[in-house]
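Got chain P; can you put chain D on it based on the hints?
2 protein chains.
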Amino acid sequence: MEFPWKKLRKRSIDGIDDLSLAIVQDSETNEILMVAFTNEEALNRTLNTGEMHYYSTTKRRIWRKGESSGNVQKVDEIYIDCDGDAVLFRVRQRGGACHNGYKSCFYRKFDMNKGDFIIVGRRVFNPERIYKNKNKKL
Amino acid sequence: MEFPWKKLRKRSIDGIDDLSLAIVQDSETNEILMVAFTNEEALNRTLNTGEMHYYSTTKRRIWRKGESSGNVQKVDEIYIDCDGDAVLFRVRQRGGACHNGYKSCFYRKFDMNKGDFIIVGRRVFNPERIYKNKNKKL
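So the sequences go chain by chain: P and D.
Per our numbering, the first sequence starts with residue 1, numbered consecutively.
Per our numbering, the second sequence starts with residue 139, numbered consecutively.
Hints listed in this document are in silico derivations from the structure and should not be mistaken for laboratory results.
Backbone N, C-alpha and C fix where the C-beta goes; we use that ideal spot for every residue, glycine too.
Don't take every hint at face value.
The following label-pair restraints were derived from C-beta to C-beta distances [unchecked claim]:
no.: 1; chain 1: P; residue 1: T57; chain 2: D; residue 2: K212; range: 30 to 38 Å
no.: 2; chain 1: D; residue 1: R198; chain 2: P; residue 2: G115; range: 24 to 32 Å
no.: 3; chain 1: P; residue 1: I16; chain 2: D; residue 2: Y269; range: 42 to 50 Å
no.: 4; chain 1: P; residue 1: N113; chain 2: D; residue 2: T195; range: 39 to 47 Å
no.: 5; chain 1: D; residue 1: R267; chain 2: P; residue 2: T29; range: 18 to 26 Å
no.: 6; chain 1: P; residue 1: R129; chain 2: D; residue 2: N186; range: 27 to 35 Å
no.: 7; chain 1: D; residue 1: R267; chain 2: P; residue 2: K59; range: 42 to 50 Å
no.: 8; chain 1: P; residue 1: D116; chain 2: D; residue 2: K148; range: 13 to 21 Å
no.: 9; chain 1: D; residue 1: D156; chain 2: P; residue 2: R60; range: 15 to 23 Å
no.: 10; chain 1: D; residue 1: I154; chain 2: P; residue 2: R60; range: 27 to 35 Å
no.: 11; chain 1: D; residue 1: R202; chain 2: P; residue 2: D116; range: 20 to 28 Å
no.: 12; chain 1: D; residue 1: D152; chain 2: P; residue 2: T58; range: 15 to 23 Å
no.: 13; chain 1: P; residue 1: D18; chain 2: D; residue 2: K144; range: 41 to 49 Å
no.: 14; chain 1: P; residue 1: E2; chain 2: D; residue 2: S194; range: 25 to 33 Å
Under 8 Å between C-beta atoms, here's a sample of chain D residues computed to sit facing chain P [to be verified]:
no.: 15; residue: I161
no.: 16; residue: I256
no.: 17; residue: V262
no.: 18; residue: F263
no.: 19; residue: P265
no.: 20; residue: Y269
The calculated lysine-lysine pairs, modelled on DSS-like cross-linking and capped at a C-alpha distance of 27 Å, are [unchecked claim]:
no.: 21; chain 1: D; residue 1: K197; chain 2: P; residue 2: K59
no.: 22; chain 1: P; residue 1: K74; chain 2: P; residue 2: K6
no.: 23; chain 1: P; residue 1: K114; chain 2: D; residue 2: K197
no.: 24; chain 1: D; residue 1: K197; chain 2: P; residue 2: K74
no.: 25; chain 1: D; residue 1: K148; chain 2: P; residue 2: K109
Just chain P, same shape as in the assembly (with noise of 0.2 Å):
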């Protein structure tokens, strides 16, 4: 299956072009766990797999999520926004999503009296374990 990729608006990213939002919720809590860069060919694989894969700007490469730490997402169900530069992914997530060991990446909140970000997330996982045993399981 191929995912409708024309009805996208592609985005350039740091000059990286034909990218879309990924948005990714988790599919039971309904937290808001992270958000990355899509392109064609992850979405298709994302599909096919239903397994979460995005397009990494820094590797410049397509990254299954889980491929090092085993924390895998599984695609429930798949929307796309009115202008259509962004995919929102609802997913069961193994694990935690965020390579800091937290079970989504957005574990830091404005604190309006401090001025600043508070770590508020929960850790799930221990990355320095995870990330040093790339077979371990969780």
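Frame of chain P; chain D shown alone:
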């Protein structure tokens, strides 16, 4: 109050520098309402008014959500993600977020059988009526 802009990772979007991603979630229903872009000025205006402001890559200016429609967004909570390129706003949405009249901009869902998107969102206002008369309240 100033937003700690230095903590963010700035992205270049379609050649416009110094932007970050703004992800907007309904703080009552946890629905994703919209995704747009923000910058230092939009963030400071958002903090100091309590209402969402964005940077429009189309209009190339700061944009107060609801300035035409009256469908303002009151900010409850602000989070940043691990790499600091995305800000999550949890808001109370007046009317609908989408200029097409839907509660959420993500009103189209991918149908695995059809291989295409179908409209699943509910329309909460008539965009023709709202955007024709800018002073008219919902």
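Now the hints, each set against the structure:
no.: 1; hint: P:T57 x D:K212: 30 to 38 Å; result: holds, 33 Å
no.: 2; hint: D:R198 x P:G115: 24 to 32 Å; result: holds, 29 Å
no.: 3; hint: P:I16 x D:Y269: 42 to 50 Å; result: violated, 34 Å
no.: 4; hint: P:N113 x D:T195: 39 to 47 Å; result: violated, 33 Å
no.: 5; hint: D:R267 x P:T29: 18 to 26 Å; result: violated, 36 Å
no.: 6; hint: P:R129 x D:N186: 27 to 35 Å; result: violated, 43 Å
no.: 7; hint: D:R267 x P:K59: 42 to 50 Å; result: holds, 48 Å
no.: 8; hint: P:D116 x D:K148: 13 to 21 Å; result: holds, 18 Å
no.: 9; hint: D:D156 x P:R60: 15 to 23 Å; result: holds, 22 Å
no.: 10; hint: D:I154 x P:R60: 27 to 35 Å; result: violated, 21 Å
no.: 11; hint: D:R202 x P:D116: 20 to 28 Å; result: holds, 25 Å
no.: 12; hint: D:D152 x P:T58: 15 to 23 Å; result: holds, 19 Å
no.: 13; hint: P:D18 x D:K144: 41 to 49 Å; result: violated, 30 Å
no.: 14; hint: P:E2 x D:S194: 25 to 33 Å; result: holds, 31 Å
no.: 15; hint: I161; result: holds, 6 Å
no.: 16; hint: I256; result: violated, 10 Å
no.: 17; hint: V262; result: violated, 14 Å
no.: 18; hint: F263; result: violated, 14 Å
no.: 19; hint: P265; result: violated, 10 Å
no.: 20; hint: Y269; result: violated, 14 Å
no.: 21; hint: D:K197 x P:K59; result: violated, 32 Å
no.: 22; hint: P:K74 x P:K6; result: holds, 24 Å
no.: 23; hint: P:K114 x D:K197; result: violated, 34 Å
no.: 24; hint: D:K197 x P:K74; result: violated, 37 Å
no.: 25; hint: D:K148 x P:K109; result: holds, 19 Å
Checked against the numbered hints above, the structure breaks hints 3, 4, 5, 6, 10, 13, 16, 17, 18, 19, 20, 21, 23, 24 and satisfies the rest.
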